[in-house]
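Working from the sequences, and respecting the hints, build out all of it.
2 protein chains.
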Amino acid sequence: MAKRKDNTSPAITKRIKERDAKTLGKLVGLAQSVSKSALSGREPKVEIPTRTKSNTLWNKKRGILEMGDASSDRELFNLNQAKQFMQTMLHASTIKDLIEREKTSSLRGVFYKAKHTVAGTKENTFDRQEESDPILEDLEVTLGSLREELHVFAENRGSMVGNITVTDKGDDIDCRRMGSGGYAMPSIVEPDIIQFKKCEAKFVLHVEKGTVWNRFNEDRFWEEHNCILTHGAGQPPRGCRRLLQRLNQELKLPIICLLDCDPWGHYIYSVIKQGSISLAFESSRLAIPEARFLGIRAKDYDECDLGDSVKIDLTENDIKRANEIAAYPWFESNKQWQREIKGMLDNGFKMEVESLITKDISYVTEEYVPQRLKAKDWLE
Amino acid sequence: MAKRKDNTSPAITKRIKERDAKTLGKLVGLAQSVSKSALSGREPKVEIPTRTKSNTLWNKKRGILEMGDASSDRELFNLNQAKQFMQTMLHASTIKDLIEREKTSSLRGVFYKAKHTVAGTKENTFDRQEESDPILEDLEVTLGSLREELHVFAENRGSMVGNITVTDKGDDIDCRRMGSGGYAMPSIVEPDIIQFKKCEAKFVLHVEKGTVWNRFNEDRFWEEHNCILTHGAGQPPRGCRRLLQRLNQELKLPIICLLDCDPWGHYIYSVIKQGSISLAFESSRLAIPEARFLGIRAKDYDECDLGDSVKIDLTENDIKRANEIAAYPWFESNKQWQREIKGMLDNGFKMEVESLITKDISYVTEEYVPQRLKAKDWLE
Numbered sequence: 001m002a003k004r005k006d007n008t009s010p011a012i013t014k015r016i017k018e019r020d021a022k023t024l025g026k027l028v029g030l031a032q033s034v035s036k037s038a039l040s041g042r043e044p045k046v047e048i049p050t051r052t053k054s055n056t057l058w059n060k061k062r063g064i065l066e067m068g069d070a071s072s073d074r075e076l077f078n079l080n081q082a083k084q085f086m087q088t089m090l091h092a093s094t095i096k097d098l099i100e101r102e103k104t105s106s107l108r109g110v111f112y113k114a115k116h117t118v119a120g121t122k123e124n125t126f127d128r129q130e131e132s133d134p135i136l137e138d139l140e141v142t143l144g145s146l147r148e149e150l151h152v153f154a155e156n157r158g159s160m161v162g163n164i165t166v167t168d169k170g171d172d173i174d175c176r177r178m179g180s181g182g183y184a185m186p187s188i189v190e191p192d193i194i195q196f197k198k199c200e201a202k203f204v205l206h207v208e209k210g211t212v213w214n215r216f217n218e219d220r221f222w223e224e225h226n227c228i229l230t231h232g233a234g235q236p237p238r239g240c241r242r243l244l245q246r247l248n249q250e251l252k253l254p255i256i257c258l259l260d261c262d263p264w265g266h267y268i269y270s271v272i273k274q275g276s277i278s279l280a281f282e283s284s285r286l287a288i289p290e291a292r293f294l295g296i297r298a299k300d301y302d303e304c305d306l307g308d309s310v311k312i313d314l315t316e317n318d319i320k321r322a323n324e325i326a327a328y329p330w331f332e333s334n335k336q337w338q339r340e341i342k343g344m345l346d347n348g349f350k351m352e353v354e355s356l357i358t359k360d361i362s363y364v365t366e367e368y369v370p371q372r373l374k375a376k377d378w379l380e
Numbered sequence: 001m002a003k004r005k006d007n008t009s010p011a012i013t014k015r016i017k018e019r020d021a022k023t024l025g026k027l028v029g030l031a032q033s034v035s036k037s038a039l040s041g042r043e044p045k046v047e048i049p050t051r052t053k054s055n056t057l058w059n060k061k062r063g064i065l066e067m068g069d070a071s072s073d074r075e076l077f078n079l080n081q082a083k084q085f086m087q088t089m090l091h092a093s094t095i096k097d098l099i100e101r102e103k104t105s106s107l108r109g110v111f112y113k114a115k116h117t118v119a120g121t122k123e124n125t126f127d128r129q130e131e132s133d134p135i136l137e138d139l140e141v142t143l144g145s146l147r148e149e150l151h152v153f154a155e156n157r158g159s160m161v162g163n164i165t166v167t168d169k170g171d172d173i174d175c176r177r178m179g180s181g182g183y184a185m186p187s188i189v190e191p192d193i194i195q196f197k198k199c200e201a202k203f204v205l206h207v208e209k210g211t212v213w214n215r216f217n218e219d220r221f222w223e224e225h226n227c228i229l230t231h232g233a234g235q236p237p238r239g240c241r242r243l244l245q246r247l248n249q250e251l252k253l254p255i256i257c258l259l260d261c262d263p264w265g266h267y268i269y270s271v272i273k274q275g276s277i278s279l280a281f282e283s284s285r286l287a288i289p290e291a292r293f294l295g296i297r298a299k300d301y302d303e304c305d306l307g308d309s310v311k312i313d314l315t316e317n318d319i320k321r322a323n324e325i326a327a328y329p330w331f332e333s334n335k336q337w338q339r340e341i342k343g344m345l346d347n348g349f350k351m352e353v354e355s356l357i358t359k360d361i362s363y364v365t366e367e368y369v370p371q372r373l374k375a376k377d378w379l380e
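Protein chains in written order, with the numbering used here: chain A, 1 to 380; chain B, 1 to 380.
There may be inaccurate statements among the hints.
Put simply, identical chains are the same to the list, so a pair is met inside one copy or across any two.
To be verified - Using 20 angstroms as the maximum straight-line C-alpha spacing, the simulated PhoX-like pairs for lysine-lysine come out as follows: (1) Lys26 <-> Lys61; (2) Lys359 <-> Lys103; (3) Lys299 <-> Lys311; (4) Lys45 <-> Lys96; (5) Lys96 <-> Lys359; (6) Lys122 <-> Lys311; (7) Lys22 <-> Lys311; (8) Lys299 <-> Lys335; (9) Lys252 <-> Lys14; (10) Lys61 <-> Lys335; (11) Lys320 <-> Lys252; (12) Lys45 <-> Lys83.
Derived by calculation from the structure, the hints in this document are not laboratory data.
Shown next as structure tokens:
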């Protein structure tokens, strides 16, 4: 079996081993409690915290979504739960294997690893990945370990450039010298994989799309304004959100978002800031309550003297989504945001960051963002 | 107006200026021919090569799809063509602006730049981006310039690691020291943006998905097998295809593809190898006739002793697509490929690269690919 031969330092390797030992301990604890029950003639079961909207609480003080205390038992001797019980044990076993062998796997890989026909029956352990991913989330909450700590990753998405050097598995990556492509943000960005080595940047500008990111990188915005430039290719994946949160918490960098003026842009901001309902159990590791929304704003059509070509009519679904988002507790109690969403609905149209090109190719990098930054004109 | 201040060397900057001057010359030539016609009382028109299946030829000797000689006139004084004529002129003007200001723009940016209501009418120049992109392709073929030479980019997608140093806008990027994330491949990878500086790698392993790429990078496959590792996040975008072609043509590296055993995987291979019908006019800059298909193969279910859990039933649409692909001229005359597609159809199921995890987490990196490489067991 080949061993990883990357450039991770001995000190970090030690930290990884300690963290993995802790996760393994929890896994073995889970297995032991099940086997103890069985051996002593009691029903084998696992207590799993409930990941539903009703068990999701808005912690106003912390400014994030959190999971409540509700939980339920998953029992082997219960016809409705036996399959899920078995699935939970299968995934726990795969994760133990991954950790022991110092490897990671994708969500799909974990699904395949557990998928088979139960011997002597025609019953499959899993039929579709959609059954498998929630079982992994159950394990996350049951063990109190992030998916990343369980050695499971999702797709990589998003890139980064700017005035920072990060160390990734022992390799120093100078994000000031990444050309036009940038550093591809990995899916697992925990402190044992990524360390921040040297950072002059004073803030992070996070944009929605790679095409907008290209405009800012080509104009060397990050150099002129001493910042870090990131994008998440739409709704940012966990790796991107976690890296932004670490930049905010560990380096105290403000996270400033440039997203579209539409319900999708508002939702992306909401997830970056407060977390999502489906992943409420890990908001404290992902959410950035201090994140700011610089634009595009509903007022920009008038304030920037834009032409009609920037308008995209709101659909009925957009209007429905906008009202749903306005009713989120963190937006509901925020007058600025109530005005913003009402402004968009009153306009009757949405606007994309890319439409600012109608003013000038580099209007967004040379005027729009610099002016708003200087005036501290953003939503929180 | 801010100037680009990247690290591009003076020699390369000179080359960019020469190339841009050439493209500008062609654009001005196009405009002059239109205005000359108008001033001399003739009908203003542009001759545009035809981008249809019927004007796409399979060049067996070169092993790529090519565009035929057919073309058609686009006239101003023709009710059916006037709008497209105007759209063509608008985009030509945007591109002239981009080149003169040494900036690039996204497809969507170009669309916005040209989108407006014609003064004194209720007619829009463009309503949707779907109208705009084909006009840009018309300009590409009319001018004989790649979209990249017209300063227009698409989304960035895909990443790279391995035994190569590339220079990207003057920044040296050591792909041996890119940690777990890798170098994000940009959309424009022409020789004036990206140069190959130092390369020990003997081949390129191109995989379909980022999750598979992660497995190979984590196992440091590129180090052990002295290669470059790339992925294109599914169907690789133009930037990724062009970079693979340059690695093949300029550095003489074999391009070895690891894709799923399904019609989608076969189609991705077909596009990498021979080009696509819609972009036949640029096959000579994108296609890689020497590209090889290492797997997953229909025979692997038996040969690798895989379990039933790897099987995904072929849908009716899969069967239809498989037969269409088998009828492509380059596959039709290729006995190996006829057997391969028939093998998949006879199996009745498809298989994904990720399903090899059912053998072992690192079976794909430690056994499957090394064995096939050693045996030169691939399709061409």
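Structure-based check of each hint:
no.: 1; hint: Lys26 <-> Lys61; in the structure: neither (30 angstroms within a copy, 62 angstroms between copies)
no.: 2; hint: Lys359 <-> Lys103; in the structure: between (50 angstroms within a copy, 15 angstroms between copies)
no.: 3; hint: Lys299 <-> Lys311; in the structure: within (13 angstroms within a copy, 54 angstroms between copies)
no.: 4; hint: Lys45 <-> Lys96; in the structure: within (19 angstroms within a copy, 69 angstroms between copies)
no.: 5; hint: Lys96 <-> Lys359; in the structure: between (56 angstroms within a copy, 16 angstroms between copies)
no.: 6; hint: Lys122 <-> Lys311; in the structure: between (56 angstroms within a copy, 15 angstroms between copies)
no.: 7; hint: Lys22 <-> Lys311; in the structure: neither (53 angstroms within a copy, 36 angstroms between copies)
no.: 8; hint: Lys299 <-> Lys335; in the structure: within (15 angstroms within a copy, 63 angstroms between copies)
no.: 9; hint: Lys252 <-> Lys14; in the structure: neither (27 angstroms within a copy, 42 angstroms between copies)
no.: 10; hint: Lys61 <-> Lys335; in the structure: within (17 angstroms within a copy, 68 angstroms between copies)
no.: 11; hint: Lys320 <-> Lys252; in the structure: neither (36 angstroms within a copy, 55 angstroms between copies)
no.: 12; hint: Lys45 <-> Lys83; in the structure: within (12 angstroms within a copy, 69 angstroms between copies)
This entry does not satisfy hints 1, 7, 9, 11, going by the numbered hints stated previously.
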